[in-house]
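When we follow the working numbering, the leftmost residue of the sequence shown carries the number 108, and every step to the right adds one.
Keep in mind the hints are simulated off the structure, nothing from the lab. Every value quoted in this text rests on a predicted model; they were computed, and no experiment measured them. Wrong hints could be hidden among the right ones.
Below, simulated SDA-like cross-link-like pairs (lysine to any residue); rule was C-alpha separation at most 25 Å, straight line [unchecked claim]:
| # | residue 1 | residue 2 |
| --- | --- | --- |
| 1 | K271 | H260 |
| 2 | K134 | Q356 |
| 3 | K344 | H259 |
| 4 | K983 | L1134 |
| 5 | K220 | M298 |
| 6 | K818 | V806 |
| 7 | K311 | D379 |
| 8 | K937 | S872 |
| 9 | K181 | L194 |
| 10 | K428 | G391 |
| 11 | K291 | M372 |
| 12 | K220 | K272 |
| 13 | K973 | E308 |
| 14 | K181 | N193 |
| 15 | K1142 | S953 |
| 16 | K344 | S252 |
| 17 | K614 | V595 |
| 18 | K468 | Q127 |
| 19 | K937 | N1109 |
| 20 | K614 | I603 |
| 21 | K983 | D1029 |
| 22 | K377 | D312 |
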Amino acid sequence: MLQGFEWHVPDDQGHWKRLQRSLVSLKSIGVDSIWIPPGCKAMNPSGNGYDIYDLYDLGEFDQKGSRSTKWGSKTELQSLASSARNLGIGICWDAVLNHKAGADYTERFPAVKVDPEDRSVEIFAAREIEGWVGFSFPGRDGIYSSMKYSWHHFSGVDWDEARKKNAIYRVASKRWSDDVAHEKGNYDYLMFADLDYSNLEVQKDVLRWGEWIGSQLPLWGMRLDASKHYSADFQKKFVNHVRATVGPQIFFVAEYWSGDVRVLMHYLQKMDYQLSLFDAPLVGRFSRISRTGEDLRKIFDDTLVGNKPAHAIAPIASFFKPLAYALILLRDKGQPCIFYGDLYGIRRGVKNPTTPSCGGKLPVLARARFVRYGNLHHPSGLACIMSNGGASQKRIYGMGPAKSGLCFLPRIPFGAGYLLNFMAMANYMADAYETYSASAMSASACTRSILGAMLPLATKPMFDRLGINWAYTLVGILSLGVTVIPFVFIRYGVRIRESSKFCQELKRLKEADAQGPQTDRGVGRSGEVSEIHVEPKDVENQNGRRRNMDSPQYQELGLVSQEQQQIDLETVRATWKFLAGLSSNLTLVGFLVMPLAFEGAKDDSLGDKTGTAVAALALIGNAYLLSLILFCAQYLLYALCALWAYGRDIADEIRVDDADRTMIPLTEEEMQRQQLLRLLQENQEPSAYYLNPVMAKRVTLFEPPPLDSSKAPIENVLELTPVIDIGPDVFTNTRPLWHPPGARGIYGGAAIAQSLAAAMRTVPSEFAVHSMHCYFVLAGDSEIPILYHVERVRDGRSFITRTVQARQRGRPIFTTTLSFSRANSGGKKKLEHATSMPDVTLPDDSSADVKRRLYNAGGGPFESHKLGTVNRDSSKPEDKRIRRCMRARGNISEAGGHHAHLSALAYVTDSYFIGTVSRVHDIPRFASPAELKAVLNALKNPSDLDDDEISRAFKELKEEEAAELRRRLEGALSKAEDPKNKHKHKEVGMMVSLDHSIYFHNPWAFRADEWMVTEMESPWAGEGRGLVLQNIWSKDGTLIATCTQEGVVRLKQDEPPRSKI
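Sequences are here, hints too, so could you generate the full structure?
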């Protein structure tokens, strides 16, 4: 990473262009990401951006004395980001979210003066001050965000304009944030006007900015400035929101400047390790070692690179730079960061200009990072020796061309011996235990694993106390003793096995097998012998055909008995004898040669005394290695020949006449399962899993295509893809389906609309749907593709019937029956009547208030607007009527035709539908009075209506209805807190749709992207269920659909207190 600026860069508004011209040269030295300065408008034209004024002004608006920022214009910034992306260089944005500076006007408010050295101590009681806290951003005039800041959006300031006094003031009604650094009592306040992240408006505006900046620039990552000075909980929320809305791959690094690695580790743990940190303790160690000359080998102790290297960004201070840069650039752990001033020098704005660091060789050192292990152009790799000792104290052992590769020499015999030990052991146990060899090998593996888990506990103390040379020599001596064991078994193995009752029993069984016809005997638990008669020459396979087990192919692969193979067991035993002796000696050689790789590391006495012996053992190892190569080549050729013979035998066997084949009919479900598996394998791209772990779980059957900008959002949401490999009338969702927060499954309207769209693809264009009867069987999983199977039930002259079944994991989750009628099939004479649309006022699209509210409502495929409730105060729930209007966002394309409008209408019919049952009963959507109080506090400012604390159900309320809703909630709150009404408290425990019916009246007479008026009522509820009705009119008053829905609506039951005894 390159820090792409320094404090004294000229304020000529041309830095974005400078960086863009340098991209190619930066890429050539290995820079793959650039940390750019805060590009938001500062409080004056020469501000670096840390004195931030407006997050939403990237050099686009004439504010604070300039249109561009110190760094350049928004257009130049976007050009830089685009060029960097084309070169594979990521842009890391510096996000300054702790404070705001350069307010537009002052405001008076009560504040408390606190001790600057202990912010938790109040010096004076609260009194009114005048602070610069008013931000209206007049130059931007509400573009991108209409948020305006006042004193209640901040927690503290450092200037009282009325008294012209500088001090730290905390707003009297506020508290410092708890989840910040504990320095100075509480380190929430840093500078300027400190943002209060307990204020929901502030959270909402900053979260929206995080999503907005990702839409303006192709960002690779973000740096969170001054992260120890504002709420860590909000930082975590911000990181999750940006990754959910901009992209899961966004990299985050925080500037939490603390020299205590424990504090940094605690912060990382609190953030769930979702970001990285600048390694401040490492900078401190650089400073201390450069002054005191401490042991350079301990420089990474108690640093973030040493504890969590994957989360460490290693910066460089202005001291100790050549060694420091070498340490972090050539180390494989952590992510190094090069500073702009070190790469190019600092020539302006300082009393003592500096030249590029490391004597101008920093680019060479950066390139060296990529050849430290060697490559095609540098096959020898790179070894970097660093020392901060004096000239008479430096000693370097074992380096130079004469010693090149020496550290790898011990690995060859050691690795070969280690591997062959397993081969010898497996051969021995297979010969010794025969029928029970699998159990013997399992017991051996279990024992080996237990010892392998215990041995590392003693390894570190052994090496610390004995040193590298003597520790390896000790292990080599132990290995020397072990090498005797294989030869003991070779010489005395027969005698040892004769003393084993188990081996004698196996020998007796083998002798019995050699007598009479083929008989397979086994040893029972009591020692009794049981006989199982088998066919002597061939066995029957699962298809009813018989295979000749005497064929040479099966004998080669060891698939027949020892009597049929006619193989001398002594040959096998000789094999493992050779492997056992070879592996043991190779392991010994590896342990004894290993100290040569570390000659002189701590003590060099052993290397001087045993050099001749080690060299002789190395020659022995090479001789064994040559024998091993010849031995492996022989058996590899033998195995290839056996496999070729086996393949030829199988090929001859499957060439049979059609009359001899046994056909196994597959069920339709099994055929579809196999076809789906093949499709998933064909469409699965391993590169996608490697680049993006979030996509490892495919939520659609095929890779979703890019969004079509010529279509409305609802058309993209409901797009279907035919699955022709399974059948002509099978479709799947092209894009992931929405899972509403808190719901049990996907949004039911999506299944309704996509089933209708699938059915409409199977009927002629002159037919239109007139009825649709649906049943929700299981909750749909948004992480699994849905298959829509259309069954053509009947095709008549006037009516067509279809059924559609939506399936996941082979099980139906949704089923519907649809009926289509031919246009004008009723004749010229017909009976007509329809319910009139109620007298309502539709939203005025030109109203700025409506535009703002629809913008704040989110980016779903539909816009919704509440029109009020008829008979709101009635004591009879069945008399209430809930009205609202809605329409699809954007313009539905001409290519979609009336099919797209019908699908969009079906999609919206499930919105707010079954919830009518609870609404007409005025049952609060909150579980306790505490949650109701949270709603009341949020409703005091209607602009907060779409925050999480008010729940999803309230974000679409109009501003003028907030007062009425507050009055009702206050009444409900007083009743909930009244002990006399405690038994009357009602709370929804479960609400799920069961069935859904739609009657389409005029399918060609409406557009779903124009306002449609709906009126919902509930004529009945009981037995844990509820029924709702809905009429839908087009903008011109035409009744276009009538809907019914029944669902489970259950209340939480009062449970008597349980005894704790």
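Q) Within a Cα-Cα threshold of 25 Å, do K344 and H259 meet the stated pairing? A) holds, 22 Å
Q. Within 25 Å, alpha carbon to alpha carbon, are K983 and L1134?
A. Judged against 25 Å, a Cα distance of about 15 Å means the pair holds.
**Q.** Given pair status - N193, K181, alpha carbons within 25 Å
**A.** holds, 19 Å
Q. Are K311 and D379 close enough, with their CA atoms no more than 25 Å apart?
A. With Cα atoms ~22 Å apart, K311 and D379 stay inside 25 Å; holds.
**Q.** Proposed proximity, M298 with K220 (alpha carbon, max 25 Å)
**A.** The hint holds at about 15 Å.
(Q) Please verify whether K377 and D312 have alpha carbons no more than 25 Å apart. (A) Given pair K377, D312 holds - Cα atoms ~23 Å apart, limit 25 Å.
Q. Does K614 pair with I603 here, judged by a C-alpha cut-off of 25 Å?
A. holds, 14 Å
**Q.** Pair hint outcome, K291 versus M372 [Cα-Cα no greater than 25 Å]
**A.** Answer holds: K291 to M372 is near 20 Å, not above 25 Å.
**Q.** Hinted pair K614 and V595, Cα distance within 25 Å
**A.** Answer holds: K614 to V595 is near 21 Å, not above 25 Å.
Q) For the pair supplied as a hint, K271 and H260, is the alpha-carbon distance within the 25 Å limit? A) holds, 22 Å
Q) Given the proposed pairing of K134 with Q356, does the C-alpha separation stay at or below 25 Å? A) The hint holds at about 21 Å.
Q: Measure nothing beyond the straight line between the CA atoms of K428 and G391; if it is 25 Å or shorter, mark the hint as holding.
A: holds, 13 Å
Taken one by one, the earlier hints all hold for this structure without exception.
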